[in-house]
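Undergrad: Chain by chain, the residues:
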Amino acid sequence: MSDFVCHLKQYRLAKGLTQEQLAAQVGVRRETIMRLEKAQYNPSLKLAVDIARAVEAPIEDIFQFD
Amino acid sequence: MKKKTILRIVLPGLVCASVMAASSWYAIRYNDRRLVKPMDFSTYVFSSKDLPMLVSLGLVLLYAAYLVVLWVRAFMRQRRSPAASQFTRTVSPKLGFLGLLGFLGFSGFWTYQRSGSVFPFVFFIFFGFFGFFYEGKMSHTLMDERYKENWMRAHFNANQAALKIIFVATILLGQGALGDNLSRTFMFYIIAVTLALALGIFLGEYLLYRYDHDEQPDESEG
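Top line first, the protein sequences correspond to chains L and W.
So the first sequence is numbered by the numbering used here: it starts at 1 and just counts up by one.
So the second sequence is numbered by the numbering used here: it starts at 67 and just counts up by one.
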């Protein structure tokens with residue numbers, strides 16, 4: 001079970017990015033973005049920061065830990 | 067296969083094979099099968115008729131060295147290229163059929179009965195090559211952090227399973243579970259170790275594939 005909530009999908013859509021485009025921007029595979037959005041994968045700090053920069057949103061708003 | 071690859075690798079190989087076949091034919095026909103049939107080299111005396119066979123043997127050795135140099139150069143080039151090092155190697159899943167060579171290991175029971183040789187059991191390691199079926203499916207995959215994490219988890223679990231089998235085999239056989247017959251104990255130990263190594267090789271690739279593909283998420287872009 002995931003111990004965090006991920007709001008990446010709404011920020012990505014608001015930015016008008018596809019999963020493929022976001023994945024290319026942050027240097028991961030599309031499957032990794034899919035799993036992130038479903039909170040099935042706990043990203044490293046570097047990836048979390050890269051994603052926050054890509055969607056231009058605060059990191060703590062995208063990933064919320066219990 | 068690229069035309070350049072054929073010219074650089076296959077063609078010299080074919081030339082070497084042809085020269086070797088021709089010199090073997092010459093040795094069998096005109097030189098009393100010298101250097102073809104097994105012979106005692108401690109009493110070897112050079113004869114001019116040996117020249118074709120010696121030249122072809124030299125050519126084969128040169129070809130083998132040439133292949134090693136090509137392989138090392140390709141390996142170094144791939145390591146230096148940052149783009150290439152970010153992706154998994156390109157492997158055909160069909161290489162997994164090499165795992166069938168593992169069945170040659172069963173011939174060890176026959177050779178052990180006949181001559182006491184246990185070497186054929188080493189072929190059991192080839193069972194690990196069934197892992198190519200899964201590595202091939204992950205061919206040329208971007209090695210992002212999730213992939214690396216899964217790779218470490220998969221190989222840790224695979225190595226742990228292999229080590230557990232070797233550990234149990236060592237304890238059981240070391241205690242003399244098969245009696246005092248040292249030869250049979252050694253045979254079963256070789257079988258256990260080779261099968262454990264094969265399992266470790268196979269499981270590493272299988273678990274990596276499973277970890278990467280389980281819990282299939284919603285494929286929609288949303």
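In case anyone wonders, no lab produced these hints; they're calculated from the structure.
Note that beta-carbon positions come from the ideal geometry of N, C-alpha and C, so glycine has one too.
Some hints here could point you the wrong way.
Cβ-Cβ distance ranges computed for the label pairs, FRET-style [claimed, not checked]: (1) W:R155 with L:S44: 23 to 31 Å; (2) W:K214 with L:G16: 26 to 34 Å; (3) L:S44 with W:L133: 34 to 42 Å; (4) W:F169 with L:L13: 33 to 41 Å; (5) W:V138 with L:D66: 50 to 58 Å; (6) W:F169 with L:T18: 45 to 53 Å; (7) L:E60 with W:R146: 35 to 43 Å; (8) L:T18 with W:A227: 51 to 59 Å; (9) L:E60 with W:M209: 50 to 58 Å; (10) L:Q10 with W:Q152: 53 to 61 Å; (11) W:F222 with L:K15: 17 to 25 Å; (12) W:R155 with L:G16: 30 to 38 Å; (13) W:A227 with L:K15: 27 to 35 Å.
Straight-line alpha carbon distances no greater than 30 Å define the calculated DSSO-like cross-link-like pairs of lysine-lysine that follow [as the list claims (entries may be wrong)]: (14) L:K15 with L:K38; (15) W:K230 with W:K214; (16) L:K46 with W:K203; (17) W:K115 with W:K103; (18) W:K160 with L:K46; (19) W:K203 with L:K9; (20) W:K203 with W:K160; (21) W:K214 with W:K70; (22) L:K9 with W:K214; (23) W:K203 with L:K38; (24) L:K15 with W:K160; (25) W:K103 with L:K38.
Undergrad: It remains to establish, for every hint, whether it holds in the given structure.
TA: Tested hints:
1. W:R155 with L:S44: 23 to 31 Å: holds (24 Å)
2. W:K214 with L:G16: 26 to 34 Å: Between K214 of chain W and G16 of chain L, where Cβ atoms are some 30 Å apart, the hint holds.
3. L:S44 with W:L133: 34 to 42 Å: holds (41 Å)
4. W:F169 with L:L13: 33 to 41 Å: violated (54 Å)
5. W:V138 with L:D66: 50 to 58 Å: holds (52 Å)
6. W:F169 with L:T18: 45 to 53 Å: holds (48 Å)
7. L:E60 with W:R146: 35 to 43 Å: holds (40 Å)
8. L:T18 with W:A227: 51 to 59 Å: violated (40 Å)
9. L:E60 with W:M209: 50 to 58 Å: Distance hint for E60 of chain L, M209 of chain W is violated at roughly 29 Å.
10. L:Q10 with W:Q152: 53 to 61 Å: violated (30 Å)
11. W:F222 with L:K15: 17 to 25 Å: violated (37 Å)
12. W:R155 with L:G16: 30 to 38 Å: holds (36 Å)
13. W:A227 with L:K15: 27 to 35 Å: violated (44 Å)
14. L:K15 with L:K38: holds (18 Å)
15. W:K230 with W:K214: With a Cα-Cα distance of about 24 Å, the restraint between K230 of chain W and K214 of chain W holds, given a limit of 30 Å.
16. L:K46 with W:K203: The given pair, whose Cα atoms are some 28 Å apart, holds under the 30 Å limit.
17. W:K115 with W:K103: holds (15 Å)
18. W:K160 with L:K46: Violated, at about 37 Å.
19. W:K203 with L:K9: holds (28 Å)
20. W:K203 with W:K160: Holds, at roughly 10 Å.
21. W:K214 with W:K70: The given pair, whose Cα atoms are some 34 Å apart, is violated under the 30 Å limit.
22. L:K9 with W:K214: This hinted pair holds, its Cα atoms lying about 24 Å apart.
23. W:K203 with L:K38: holds (24 Å)
24. L:K15 with W:K160: Since the Cα atoms of K15 of chain L and K160 of chain W sit roughly 43 Å apart, the hinted pair is violated (cutoff 30 Å).
25. W:K103 with L:K38: violated (68 Å)
In this structure, the earlier hints numbered 4, 8, 9, 10, 11, 13, 18, 21, 24, 25 are contradicted, and the remaining ones agree with it.
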